[in-house]
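With the hints as your guide, set chain B onto chain A.
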Amino acid sequence: MQAAVARPPLLRWLRSILPGATEHRSGGAGGPGGVPAINQLYHARRLRLVRLAVLMVDDLGTAEDIVQDVFAALHRRHGPELRTLADPDAYLTTGVLNAARSALRRRRTARAYVPPPAGTAPAAEDEALLGEQDREVLSALRELTVRQRQVVVLRYWSELSEREIAEALHISPGTVKSTASRALTILRGLLGGHR
Amino acid sequence: MSTLESRLRSTLAARAELITPERLSPAVPPTAPAPVRSRRPAIIAVILAAAAVALVAVAMLTPGLVRGPAPQPPAGPVPSPSLSPSVPVSPSPRSGSQASPRPNNENARPGAGATTAGPGADATTGGPGAPEATPDLPAGTKPAGTGAGPAAADDEPVSPTPR
Numbered sequence: 300m301q302a303a304v305a306r307p308p309l310l311r312w313l314r315s316i317l318p319g320a321t322e323h324r325s326g327g328a329g330g331p332g333g334v335p336a337i338n339q340l341y342h343a344r345r346l347r348l349v350r351l352a353v354l355m356v357d358d359l360g361t362a363e364d365i366v367q368d369v370f371a372a373l374h375r376r377h378g379p380e381l382r383t384l385a386d387p388d389a390y391l392t393t394g395v396l397n398a399a400r401s402a403l404r405r406r407r408t409a410r411a412y413v414p415p416p417a418g419t420a421p422a423a424e425d426e427a428l429l430g431e432q433d434r435e436v437l438s439a440l441r442e443l444t445v446r447q448r449q450v451v452v453l454r455y456w457s458e459l460s461e462r463e464i465a466e467a468l469h470i471s472p473g474t475v476k477s478t479a480s481r482a483l484t485i486l487r488g489l490l491g492g493h494r
Numbered sequence: 403m404s405t406l407e408s409r410l411r412s413t414l415a416a417r418a419e420l421i422t423p424e425r426l427s428p429a430v431p432p433t434a435p436a437p438v439r440s441r442r443p444a445i446i447a448v449i450l451a452a453a454a455v456a457l458v459a460v461a462m463l464t465p466g467l468v469r470g471p472a473p474q475p476p477a478g479p480v481p482s483p484s485l486s487p488s489v490p491v492s493p494s495p496r497s498g499s500q501a502s503p504r505p506n507n508e509n510a511r512p513g514a515g516a517t518t519a520g521p522g523a524d525a526t527t528g529g530p531g532a533p534e535a536t537p538d539l540p541a542g543t544k545p546a547g548t549g550a551g552p553a554a555a556d557d558e559p560v561s562p563t564p565r
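In the order they appear, the protein sequences are chains A and B.
Under the numbering used here, the very last position in the first sequence is 494; numbers go up by exactly one each time.
Under the numbering used here, the very last position in the second sequence is 565; numbers go up by exactly one each time.
Careful: at least some of the hints might be erroneous.
Below, simulated SDA-like cross-link-like pairs (lysine to any residue); rule was C-alpha separation at most 20 angstroms, straight line [said to hold, decoys possible]: (1) A:476 x B:406; (2) A:476 x B:411; (3) A:476 x B:453; (4) A:476 x B:430.
Hints were generated in silico from the structure; no laboratory data involved.
Isolated chain A (complex conformation):
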């Protein structure tokens, strides 16, 4: 740190304009090793958030883009140290769910004009590694509305309570309960033979 302070201003300026020169160096007051808080959060939560996004949009590339965009928005709004944010996890979960919903809407709008070839699905390669029953469940999940799918994923994968789901989706707990009930009814109808 002292070396950085003693460095001449011109050299510091040159280093700052070089691409990638100040990565992991900004925000010296961050966590251990001077890493900003948002970078620590990024490394700690990225995989889980990408998995959440994949469960929503079925596509790894889109899921990674969504998570990256959410972190970029978090950095723009709250800075590298996140001092103005009370619950970063809730912010990230809500951001990923909203971005996934937007991505699904764009995808469905595009499919309304150009239907994809039969037999192709965004996660076909991944789902080939799963068993037959799992593929049936995933196929049934795609028949739900975006809101119903959000509630099912948050309830049965993220293991959130109805209150937490309501906060994440900015809806009332009663709406969460009714949405989950309707979603399970639809899934039972689609997967009736495997009850």
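Relative to chain A, chain B alone:
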């Protein structure tokens, strides 16, 4: 917990487990784009340098900006007031032999006699004013070595001193 709910849990977990850290693209922390913001001074410096180079190029390629207006002020036929007293009113004997017809011609022109103080005044103006006087001189009165024209300005400092 119903069978459907347990099945949902196992399927979602299995699907999520397929996404391993090795499959993710290289991590790009959110603070990585920070250098883009700090590159603004460099961009501004480049723009300013380019503007300066363009300005210098325009100045060098435009002849009027470099040496155009400089010869214009001596071309005026009206001498500055500060020069008028220094010029002798009465011509010296030698200068009279040089350009004796000139005062008559100068006074004959409208508006020119009041401003020119004498025969030496035209000589001080030099260059552009001298060719106008050349056709007025009679061919016989033009002494050798003191011809009217640009060379007359060289002889001018000699004429005010009486000899």
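Okay, the hints, checked on the actual structure:
1. Distance hint between residue 476 (chain A) and residue 406 (chain B) is fulfilled; the C-alpha atoms sit about 16 angstroms from each other, no more than 20 angstroms.
2. Proximity of residue 476 (chain A) to residue 411 (chain B) is assessed by CA-CA distance (about 18 angstroms); at most 20 angstroms being required, the pair is judged to hold.
3. For the hint linking residue 476 (chain A) to residue 453 (chain B), the alpha-carbon distance of about 65 angstroms lies beyond 20 angstroms, and the restraint is violated.
4. A C-alpha spacing of about 38 angstroms is found between residue 476 (chain A) and residue 430 (chain B), which places the hinted pair above 20 angstroms, so the restraint is violated.
The structure fails to meet hints 3 and 4 from the earlier list, while all remaining hints are met.
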